[in-house]
Each structure stands twice: as structure tokens, then as C-alpha cells.
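> Listed here are the chains, written in short residue letters.
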Amino acid sequence: MIERPNRPIYLDNQATTPCDPRVVQAMLPFFTEHFGNPHSAEHAMGRFAEAAVETARGHVAALIGADPREVVFTSGATESNNIAIKGAARHAAQSGNERRRIVTVQTEHKCVLEAVADLAMEGFEPVILPVRPDGTVDLATVRTALEAAPTLLLSVMAVNNEIGVLQDLASLAALAHAAGALFHTDAAQATGKILLDVEAMKIDLLSISGHKLYGPKGVGALYVRRRPRVRLAALFSGGGQERGLRSGTLPAPLIIGLGEACRIARAEMEDDNRRIAGLRDRMMAGLEQAIPGVVLNAHPERRIPGNVNITFPGSDAQAMMAAMPDLCVSTGSACSSAEVEPSYVLTALGLSYAAAARTLRIGIGRFTSPSDIDAAITMLARAHAMATPQPSEACPPPCPR
Amino acid sequence: MTYLDANASEPLRPEARAALLAALEAGANPSSVHAAGRAARRILEAAREDIAACFGASPAGVVFTSGGTEANALAVHALRAGRRLVVGATEHDAVRAAARGMAVVPVDRRGIADLGALAALLAEGPAMVCLMLANNETGVLHPVAAAAALCRAQGALLHVDAVQAAGRVAVDLAALGADSLAVSGHKMGGPLGAGALLLAGDPAVTPLLAGGGQERGRRGGTPGLPAIAGMAAAGRAAVAGLANQVRLAGLRDRIEAAAVQAGAIVAGAAAPRLANTTSLALPGVRADTQVISLDLAGFQVSAGAACSSGKVASSHVLAAMGLGALAGSAVRVSLPWNAMAEDAHRFVAAYLEMAGRLSRRVA
Chain A
1 MIERPNRPIY
11 LDNQATTPCD
21 PRVVQAMLPF
31 FTEHFGNPHS
41 AEHAMGRFAE
51 AAVETARGHV
61 AALIGADPRE
71 VVFTSGATES
81 NNIAIKGAAR
91 HAAQSGNERR
101 RIVTVQTEHK
111 CVLEAVADLA
121 MEGFEPVILP
131 VRPDGTVDLA
141 TVRTALEAAP
151 TLLLSVMAVN
161 NEIGVLQDLA
171 SLAALAHAAG
181 ALFHTDAAQA
191 TGKILLDVEA
201 MKIDLLSISG
211 HKLYGPKGVG
221 ALYVRRRPRV
231 RLAALFSGGG
241 QERGLRSGTL
251 PAPLIIGLGE
261 ACRIARAEME
271 DDNRRIAGLR
281 DRMMAGLEQA
291 IPGVVLNAHP
301 ERRIPGNVNI
311 TFPGSDAQAM
321 MAAMPDLCVS
331 TGSACSSAEV
341 EPSYVLTALG
351 LSYAAAARTL
361 RIGIGRFTSP
371 SDIDAAITML
381 ARAHAMATPQ
391 PSEACPPPCP
401 R
Chain B
1 MTYLDANASE
11 PLRPEARAAL
21 LAALEAGANP
31 SSVHAAGRAA
41 RRILEAARED
51 IAACFGASPA
61 GVVFTSGGTE
71 ANALAVHALR
81 AGRRLVVGAT
91 EHDAVRAAAR
101 GMAVVPVDRR
111 GIADLGALAA
121 LLAEGPAMVC
131 LMLANNETGV
141 LHPVAAAAAL
151 CRAQGALLHV
161 DAVQAAGRVA
171 VDLAALGADS
181 LAVSGHKMGG
191 PLGAGALLLA
201 GDPAVTPLLA
211 GGGQERGRRG
221 GTPGLPAIAG
231 MAAAGRAAVA
241 GLANQVRLAG
251 LRDRIEAAAV
261 QAGAIVAGAA
271 APRLANTTSL
281 ALPGVRADTQ
291 VISLDLAGFQ
301 VSAGAACSSG
311 KVASSHVLAA
321 MGLGALAGSA
331 VRVSLPWNAM
341 AEDAHRFVAA
351 YLEMAGRLSR
361 RVA
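Here the protein sequences come in this chain order: A and B.
The first sequence runs 1 to 401 under my numbering.
The second sequence runs 1 to 363 under my numbering.
I should point out that these hints are in silico values taken from the structure, not numbers from a laboratory.
All of these numbers come straight from a predicted model, not from anything done at the bench.
Ideal Cβ positions, reconstructed from N, Cα and C, are used throughout, including at glycine.
Incorrect hints may appear among the rest.
Label pairs and their computed distance ranges (CB to CB) [what the hints assert, rightly or not]:
1) G244(A) with A170(B): 34 to 42 Å
2) G244(A) with L115(B): 30 to 38 Å
3) R7(A) with A60(B): 26 to 34 Å
4) T55(A) with A170(B): 37 to 45 Å
Generate coordinates for the entire structure from the input sequences, incorporating the hints supplied.
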């Protein structure tokens, strides 16, 4: 019996990342003594909070090569994606634009797929493209879809949340623009993990999440290009904050946390990635030795270092998770937890239901240590052995779905 | 510096701070099924039960949002279903903007919604009514329970913006008989960045934020757990400490008595009001001049709602009350939960000094 760690080992950094202690320190004074409403421009406490919000806006902008005026704060990437996609479509329709097609990809985050599904009911024409078995999207397929009908928007995520695959943003943006469409990318998993430059990549709209880059939950941002100007309809109205695009009191402490997270990411991304890639290699080597036959899903190189998505040879992933309560990994994306269906991302790669049910996502992050990796390998190997059905069993376990 | 702008944002309560820090520490995504995720989920569901218990809802009826504005927007988006919108004349912009093209329920000179006018509007066809419990500028309380009875009789829906009332007066969705109710964390002494929509029963809800099925499919996106946990703790503390409002009323009365002596008019003075809020109009003196003067003296008050930055427009609330001539001359003083007698005392001195100086200039 291995000794139980004091805390569970957290290897689910694509579901959420722990808040960096430096982020917590940056936020705390704004929760407590500097609690002014950042829109209370009439008094000193309001102006103090407002100035800090603007500094944070600068940090977010700097991380993606944007102008601070192009950053709109939201409650998270889901809201950013909804504003970007529905906002672009509805604004275009309201201003007489005839384009109706919206092109996206099967492996997008649920909120993108749901947003385009909502738009289908408003008369838009969503086109959902397949991906190749390695998770990347085929540019020729995208071009064909963009050219087949007047297209309003192409939305492709920068980094996939389950399999870590990188898409070729610059090429996708070029294709979108050649077809007269806007290009949006859900960069929730990419921000602070890969170099993003909205100018060099010619991105029009880009969604950011705070809690995926060691910032707090409950805050995100949307980059909205100013030149040429991208116009959006607001999702909801109110006090007219964020130039009317996103009403509601800005949560200054959370925004300051997001800004600090972006500042840290900009300074430390390279070091983080190098260290995390080393841990990833250690994990893969350890698993391949302990459990012959493990398969890494999706493209072997075009991926962020922190994602290891693995199909195990013998045992059901849920049974493995039950057998290792001190290891936090996941069987798919962390959304509505009740779903026991196979991951639509994995099936889009061509995995069978049976293979998808034997798959775990292991997310390595800034605070993962080599000993965490070693302990995780031991736990995974034991859980795999325990949960693998033995040929001598009289009754086979129920078929995993 | 003395902070008297609680209706823009309340100072964080210690209970909220502790809950916020614990939730930050817990860290995981409440939708994750592993041990850390389940621990986060327990915090989320405990917060849901707290908010439900504080405001007379069922836990299943609580939808967490990013704040009061989103909660109000979600209510209209989710429940309206083609009904005509009818809104109070002194509603917050969050409701007025969500309800463009609406019919308006006028208020009387006291600032109270005219229920006779509401009844007449309801007779015109299926409606969804939005009425605030307490006004953000004057603190005037509206007869929401009576409005709910009218709505029920006519088959109309009623959404209540209780952002300013929650934690300052007893608020009970079931007792009010409304269909939905919005609250905001930072107006109760919780952190910025969380709110909730409370639904009576279990209506079908089309989400405003489509997403991963969180909040039982009614609001997508990873819940902002630290701010939500902070809101729940603040709500509990505020509701348990409602007696504190009696103390604040005493301070408010001292401020009003002195201001009236200095020539100010209290908007909504004849109406039942929140204990912590007063709207002081100084005839002939621009509100922004007063606010700047008080700011320099170290007092943080406001000229109305704190919304889009830099906006110091004249108050639509006072205009609706027939106080149009005073609408550009009112400052809002709103006492935070931790205001002390000393704060009120020093504010009175500063106000009298300012009123004497600026009113003389007018005269």
C-alpha cells in the first residue's frame, strides 16, 4: 500500500488551474480595503479601483499583442465565446449583412457548439467541420466550407481542452479573411500557454478565461479588434459598462487577478513550458514502462506540453478513477458532470466508444512537481491493474459506454 | 476617508472574506468528478442552499450569475416568452435596458410605483412586469407583494430586482409571490463578481450564456466559486444582522435632519425606504460639484447610480418622481453595514460646510 499523500495530487489543469499565490496576493487588497466600485468615478476609492482595472487591462492586452482598448472584461470564456459568436452574427444581421454561414469544428468547447446551435434557430447556418484523427483541422476542408456560401464567421479554438491540440491560427485567419469572414478563436486553454499575437496572426476575436491560467474563476476577457473595427451586438444591456458591450459592475478584484495572471504568464511562459514538457516526458516514459500499450491521443507534437490524453489498454477510465481517489484527473472535459457519454472530442478523432471509455486526460501545470508525476504513475499503474477485467472472471463487467 | 457609497458597493464582510479565501483555496472546478472537484461542488451547493434560505427560494430555483445585471437580464430572457414588458419608471438601467420598448409604470411624488396604473397596463394583455424592491438612488421601497397579487390575478409574471433590498430588508420570494428575483453579492457585503437569479417553481429556462450545461443548463460557464461562496456568506450575515439597519436608520435620520436644515430636500422622504439610503437634493447646486467637494473633504458619496464610468447624468429616478428641477442637484448618501456614528457626525459637519459655501454662491 503506498502512503496516502496529504492532499490529492491535482493533475486536471485543463479543467481549472489553482490560483497562483501571487495572483491571490494581488487580489486580496481589492477585496478588502480597496473595495470601491470601479465605475464610481466621482470619488477617490472608485478611481483607485478603476486605475487598477486599467492596469490589468494592459497586462491582458500585452500577453496577446493587443491594444488595451481592444480588451473587454467578461465573467469567463463561456461568456466571451457567446458574446463573440452571437454578437458578431446578430450585429451583422441587424446591419443588413446577408452572410449567414458560421463555420466551426466538431471538437470545439461545448459553449461554442451551443452558441452556434442557438444561432441556427435565428436563421444562421452553422457548419460543423470534422477534424483529422490527430485532432487538427484540415485547411482545405475549411476553405471549401468558407467558399461554399457567404460566410460571416469562422470560429476555431486555439488549443483543445481535452486533447491539447494546437490549431494553425494564422492560416485559419487568412482563410477566413480571404472569404470575407471574421475569425474568432476560443483561446481559453491557449492563453499563457502558447505565444498568441493577435496582430501577427490577424485574429479578430479571441476569448480568454482567468481560471485556466492560474487566475481566479468568474472572470475572463474578449479581445475585439479595432482596426479594422469588429462590431458586436451585446448579449445583455444595462449600465453600459465596457463601452456598452458588457454591462454590469466590473469585478475589480477578479480583473486584477486576471491581469496579474497574464503578467506572470508573459514573464514565465517559456520556463513553465520547458519544465512542464519535462514532466510530460517523465509521465509518458513512466506510463509506457508501467503499462505497455498506452496510447497518446492526438497529434504528438502540435500540442501544449501540459496535456496528456491517454487511452489505456485494459481498463475502464471511470473504474480507474474510482480506484485512485487521491489522484485528480478526468475522463473528459469538466462541464456538466452528470454526463457519462463518451467524449465527443475523442469520437471526433475516430476513437471507438470502447476506446474513449478507456481514456483519461492528465493535465500537468505550473505547480506540478516531479514527485507528483512519479506518485501519479504508481497510482495509475495500480489502478489499471486493479480495474482491468481478469480473463478468469465468470461475469464480464457491464459494457462501458 | 469615509465611505458612504454602499449602494455602489458594500465593504466586504469578514464572513464573506473567510468564505472567499476558503473557496480560493479549494480551487478545483465544481464540475469535475474527482475528490477536489467534489469538494468544490460541496461549497457551491452549500452556497446555493444558503442563498435559497436567505431569500425564500428553493435551492433548485437558484441560478448563480456574474452579478445583478446578468441576473436581471437572464430573468427577462428566460421568462418573457413573447409577453409585453411592463417596468417601473425608476428601475435600474440593468432592467430598463433589458426591457426596451416597454410600458412604464409611473411612480408618485413619493417615488412609489402606482399600482392603479399597473392594473390598467395589465388589463391590456399578457405581460411580464419588472419591479424593483428598493430603489438604488432613493431607497424607496415598492409594494411588490401587492403588485405580485395584481400580476397573479391577471396571469402576468413578476420579476423583482432585489439587488439593493437583499440584506437590508427581509426579502422572501415565496412570501412576495413573485416569479423571480435578482440579488447581487457585492451589494450585500460580498465580493464583486457574483449574483443570483432566484426562480419560483421550476420554469424552463433558455440560457443567456449557452455552454457546458452548468447550473442545470440554465447558465453556462464554470461558476465563479470564490465570489459565489463570498456572496452566500455575506447574505447569511446580512440577513442575520438585519437589526443593524435600525442603527443605520438612526444615523441616516441625523444626516437628513442636518441636511434639511441646510436647505436640502430629501427625495422620497414620505415613502417607506431602506434605512441606509438618502437622496439629498440641494436646489441650484449641481450634483457633481457637491460630490467633488465632498470627495475633497474625504467623503465618498455619489451623484446617482455608479454605472458607466464618468457618467454624471441627471437622475431619471428623481425626474420620474416629478422632481425634475432637482434631478441634477441630488447626491446619494448610502451607509455601509459598518458605518459608525462618528462617520455620520463628521459627514454632517462636512455637508453643512459645503452647503453653506455652495448655496451662498447660488444665492
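> Checked against the structure, which of the hints given earlier come out wrong?
none
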